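Colleague: Chains as they are written, first to last, in this note's numbering: chain R, 55 to 338; chain F, 40 to 291.
Honestly, the hints are just simulated from the structure, not real lab data.
No experiment lies behind these values; they were computed from the predicted model shown.
Don't take each hint at face value.
What the hints assert, rightly or not - Heads up, simulated DSBU-like pairs for lysine-lysine below, C-alpha to C-alpha not over 30 Å straight-line:
(1) K152(R) - K183(F)
(2) K316(R) - K291(R)
(3) K184(R) - K152(R)
(4) K194(F) - K104(R)
(5) K316(R) - K104(R)
(6) K291(R) - K152(R)
(7) K194(F) - K152(R)
(8) K104(R) - K291(R)
(9) K329(R) - K316(R)
(10) K184(R) - K194(F)
(11) K104(R) - K152(R)
(12) K194(F) - K183(F)
To be verified - Facing chain F, from chain R, some residues (calculated, C-beta under 7 Å):
(13) A126
(14) L128
(15) L150
(16) G151
(17) F155
(18) P157
(19) L161
(20) P164
(21) W165
(22) A175
(23) V178
All residues carry an ideal CB built from backbone N, CA and C; glycine is no exception.
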Amino acid sequence: MKFMPHEVMPPAAVGDTAPPMLELVNVWKRFGDAQARTVAVSSVNLRIAKGEFVTLVGPSGCGKSTLFNMIAGLLPPDDDGSLLFGGAPQRDGQLLGKVSFMPQRDLLFPWRTVLDNAILALEVEGVPRKEARERARAMLPEFGLAGFAGHNPHQLSGGMRQRVALMRTFLFERDLMLLDEPFGALDALTRSRMQHWLLEIWARHRRTVLFITHDIDEAIVLGDRVLVMSARPGTVKSETAIDLPRPRDPSVVLTPEFIRIKQRLLAEIEEESRKTFAQEGTAS
Amino acid sequence: MNAFLQRAVRSPALAFVGLALVWEFCVHAFAPSPRLLPALSAIAQDAWSVWPQLVRGFGRTLLETVLGFATGALFGFFCGTVFTYSRWMERSVFPLFVVSQTVPVVAFGALIVIWFGNSLLAKVMTAFFLTFFPVTVNTLRGLKSCDPQRVALMKSFGAGRFVMFFRLAVPSALPQVMVGLRVAIGLSLIGSVVGEWFGETVGLGVMLMEAMNADLVVRLWVVMFACGLMGALLYGLLTFVERRLVWWRSES
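Model the full structure from these sequences, guided by the hints.
Modeller: Structure, rendered in structure tokens:
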């Protein structure tokens, strides 16, 4: 859609014609009763257009995962906001099965082989096992897992396990993919390789992606837009369009544009981290 | 050769042979009264002399044990499942299970005979009674310890209760269920032997009683060895099944 560096897509422009893939309007999540209330997510507004790759960064404990669980349909948002998917408001649990969701841990089932882990979602959907396996087998090379179909998860490295989990997410063919720090547990080198590999796959399959991370470099390298979340109560504090040309290769992190964006985002996040620290200081 | 020797040293077979040698040595060196410690050769001879009875008894007790174990394991798994998914049942019925286990099985052996007569069923019931509880407890624990994040993942795929149960909950509970089964298999053997004491004509428990009453010390040893052999066989079989069924490593 946008390979030209300056062809930045402002979200509002998309909203005029078709409804955005996902729209959050004033979404809140509060825990506990009136006396001991924790506001995990406050007044989040965001729109994601079809085919976009949006990254969300924020300090740890800012409610990123709570927000994610709400978008995945695992946690109902509070009543005062609404969550629209393809233009239609979603009530309790209606989003389950509509969004392909990849949590932080790979959560592979140790009793299933690589291939059978990958087809888990298809099996749940009721696709016959044989057909599901054939579809998955065809995707193995693309995910760097050729020849590992019959391996068990404990035989794989962290990066490979993460790729199996991603493949499982990809095979669950939904328009919106939610990735929650999928590379958080990997070493820096593997992580960088995985990021660029993910970009390649994304360019081929053109899914809409919302990607959570606490790594600013990762957010900039991957995203069309970077959303910065504030310290608790979490809300989307700023939004930055990343107009670095695609395809982006690993050296993109050395370009002056990249560094300029990073400096700005770092300053914002630094401020938020300080706030979190201060809050924790007063709370204890 | 060296590797072979190392394997031999570590294998339990050598320990058994060693124990037997020490045994024979003690008998020859200290010559205790056969009442206290009969020679292994004497035990073997006695076993040979009652061979047909021993084989029949072994078969009968094995049948009781296996039937009691199988029914108890199934019932236990069923109850564990019900308790996992029904808080109400867990609250109201589970304490009853616990209380039932505090009564020693010997205490109502007579009652079982009155209810079920002098039948195979009576022994199966005593074995069953000892078996179902550890399986229930371990099934309950296994199913409850199912990783909530995996549950969330399955939910996000749109999984319903049945899919969730068979694809996720049961496989994750299996290692724990196997722990329960291993405890249960030994208890099941105890149950069937004790069950035979309340009236039976065939079985290892019967032979044990007879030997005790007739003061046949060597025969006691024969039956003890037979019981030990059966227990080891069953345990070994279960371990074999476990390796096949729960071959993955537990992650936690």
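Colleague: Hint by hint, say whether it matches the structure.
Modeller: Each hint, compared with the structure:
1. K152(R) - K183(F): 27 Å, holds
2. K316(R) - K291(R): Holds - the C-alpha atoms of K291(R) and K316(R) are around 16 Å apart, at most 30 Å.
3. K184(R) - K152(R): 23 Å, holds
4. K194(F) - K104(R): 24 Å, holds
5. K316(R) - K104(R): 26 Å, holds
6. K291(R) - K152(R): Between K291(R) and K152(R) the Cα gap is close to 27 Å, so the pair holds against 30 Å.
7. K194(F) - K152(R): 11 Å, holds
8. K104(R) - K291(R): Between K104(R) and K291(R) the Cα gap is close to 22 Å, so the pair holds against 30 Å.
9. K329(R) - K316(R): 20 Å, holds
10. K184(R) - K194(F): 23 Å, holds
11. K104(R) - K152(R): 14 Å, holds
12. K194(F) - K183(F): Given pair K194(F), K183(F) holds - Cα atoms ~17 Å apart, limit 30 Å.
13. A126: 5 Å, holds
14. L128: It holds, given that the least Cβ distance between L128(R) and chain F is near 5 Å, below 7 Å.
15. L150: Holds - the Cβ of L150(R) comes within 7 Å of chain F, reaching about 5 Å at its closest.
16. G151: G151(R) check passes; min Cβ-Cβ to chain F is 3 Å, inside 7 Å.
17. F155: Where the cut-off is 7 Å and the nearest Cβ of chain F is about 4 Å from F155(R), the hint holds.
18. P157: This interface hint holds because 6 Å falls under the 7 Å limit.
19. L161: 5 Å, holds
20. P164: P164(R) check passes; min Cβ-Cβ to chain F is 4 Å, inside 7 Å.
21. W165: 5 Å, holds
22. A175: Since the shortest Cβ distance to chain F is 4 Å, the answer is holds.
23. V178: Constraint on V178(R) satisfied, holds at 4 Å.
In this structure, none of the earlier numbered hints is contradicted; all agree with it.
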